[in-house]
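Asks: Residues per chain are reported as follows:
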Amino acid sequence: MDFLLSPSLMLSPSLMISLPALGRGLVYTLELAAVCLVASLLLGLVFGVMRYAGGRMLHALAIAYVEVFRNTPVLVQILWFFFALPILVNFEISAFIAAALGLSLNSGAFSAEIFRAGMQAVPKGQWEAANALGMSRARVMFRIVLPQAVRNMIPAFTNRWIELFKLTSLASVIAYPELVYSAQQISNSYFNPVEVFTLVAAIFIAIVIPASYLLRRLEARLRRSAP
Amino acid sequence: MTTDNVIEISGLRKSFGAHEVLKGIDLVVPKGKTVVLLGASGSGKSTLLRCVNFLETPTAGTVAFNGRPVGTPKGAAGERSYSDRELRVLRARIGIVFQQFNLFPHMTALENIMEGQRAVLGRSREEAAARAEDLLARVGLAGRGGAYPSHLSGGQQQRVAICRALAMDPDVMLFDEATSALDPELVGEVLRTMRSLREDGMTMLIVTHELGFAYHIADEVVFLSEGRIYEQGPPEQVMLHPKGERTRQFMLGHSEFRLPHLD
Amino acid sequence: MHYQWDFSVISDNAGLLFWGLGNTLLLTLIAILIGTPLGLAVALLRLSSHRWLSWPATVYVEVFRATPALVQLYWLYFALPRLTGLRLGGFEAAAIALSILSSAFLSEVFRGGIAAIGKGQWDAARGIGLSYPRMLRTIILPQAVRRMLPVFLERYIELLKTSTIAATVSFGDLLFVAQDISYRTYRTLEIFSAIAVMFFLVILLCSQLTRLIEHRLARSGEFTAR
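Chains as they are written, first to last, in UniProt numbering: chain A, 1 to 227; chain B, 1 to 263; chain C, 1 to 226.
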């Protein structure tokens, strides 16, 4: 039996058995990433706008949110939501919810800064011109400032989303059955860490590199078509 | 109380921090008239213009629009408070054209002109588009409505900006050095557009460095110096026969505006 | 529900917590000290006109930037021993993983910084007959580093946060110590909140320092040529 476990055989039978489990892990990874991507964008938009254009209270609130979640490790956030928060609210928090909370709030804080920087890069004259027409603040924000800001923000968001996608691996620490956790389970049962972890790394590479290439293409196209 | 003055400014002061830019201005812009503000850079003429539609909030004094003072008094020192809503309504009725055009770069010329009509006046898409096309034709840009600002020359952009302001059917138009950012050969087309507005009876308050143009278009010229009105009157009087020494020096300093008997 | 907070667990274990914090900082520092020169080396290889030098460097950067830090760490910790028989402790594995990771990211910063130095500077340096290493050391890097410094400091702070993954391979950093205390005392809420605050304060201090340095750089003026 020993030869079956030989690390030199990348496509060893044990790995073939592991593939479906890794596939399931990948689905969980993608699910978590998708939820966090949407949630962090919304959080970023809300807090970014609050910090950019909100009154004193909202501004302070946005700063507090961004500083707290940017200045603590995301792994600590995930573990806090998983282990500490249930004590406080007195109900069970699933690994998925804890990971999604940690990753979304963390990534949301970074996204808020991206939104803010993007909006700040829009020249002041745009506000003046829109104000001079008598447009409401909300209308200026959503029709004039944000559409222009979004274009500047795409490179930053590309990096952010790729970072977020990689960070989903941290959910393995609280036993959320995504790719890395599945890999650990498989390697524990079949003693094939070389094959499994190499394959997991390859899966990440196979997703991240094409994704960043596509996002960069999209950005270049937007820049070219930009009026 | 009715009045024929679209704008009435009284006791207007504006400070930026410790620096007082406007030191008590009284000025009226009568309906259908064109008032031109002249002065060296730093004299406060742009700030004054921007106080009229409250892009800058005056520190003290009042601006009355069609006879009605804007804002409500607050405190003893002549301060006033202005509600967002009040200013929005006011601005919709005052058109402004900026030195840097400030067109919305992500919208076509037509969309730029439609945006205010749709957002503020609540016009339908068709109505707004028709009005925009109409205005573009008037400034000689018929058929260019689909172009983005970056594909238009500076002069064309500025004419679109004028259309954007006119589309709101304003009671008065403000021009803040509307030709200063333009290449010399493009200045003429914008000035022609402004002149045709005067012929149509538009009330205008203009800040410009084009003295020849000012001379021909102004009903009244106001010369500002160090935050105060230094001299004002008909263009022949202020520009050809200035009483004050500063006005005289200013007119002399602009070689492109030749006034033979001053040489 | 009313929860009875008990912060005595923090003061009782203060020594242990600070020991953990020390380990976190030590691990980060080591990764910085190895990762930075390694990053420069990789950047220089990538900028090389020899394809057989630049190409492997590109692959190195792309692979390590595209994979999660945790996967790199697990690979070193679980897979490497099976492959080579070389057994790494948690500290060694984490230090190597974080060094490699930061070198991949920093090499991109170096590359951007070096590429941003105008051609005129290279020509001038070549014109007075400087050798390539000397040119880099005395002309190009001093200008590049000045510009890149804020980005570097930002990455170092990221690295400090990422270093928490070392706890998963039983290195006694702040996070590991916290888990250990919470298993013994069941005071999870207090402990995890406490280390969150500790991280917050340390990182806030670092980012304020970064801002101060940036500010001083900005004030002392841009002397780099384009």
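Incorrect hints may have been included.
Said to hold, decoys possible - Okay, the calculated bits of chain B under chain A, using three or more residues with CB under 8 Å as the criterion:
no., segment
1, 181-187
2, 197-211
What the hints assert, rightly or not - Restricting the straight-line Cα-Cα distance to at most 20 Å, the calculated cross-link-like pairs of lysine to aspartate or glutamate (EDC-like) are:
no., chain 1, residue 1, chain 2, residue 2
3, B, Lys243, B, Glu56
4, B, Lys23, B, Asp171
5, A, Lys166, C, Glu154
6, B, Lys23, B, Asp4
7, B, Lys33, B, Glu226
8, A, Lys124, B, Glu177
9, A, Lys124, B, Asp219
10, A, Lys124, B, Glu56
11, B, Lys33, B, Glu199
12, B, Lys74, B, Glu56
13, A, Lys166, C, Glu108
14, A, Lys166, C, Asp123
15, A, Lys166, C, Glu62
No lab work stands behind these hints, which were simulated from the structure alone. Here the structure is a predicted model, which means the values were calculated and not measured. C-beta atoms are modelled at their ideal positions from N, C-alpha and C, and glycine is treated no differently.
Asks: For which of the previously enumerated hints does the structure constitute a violation, in increasing order of number?
Replies: 1, 2, 3, 4, 6, 7, 9 and 14
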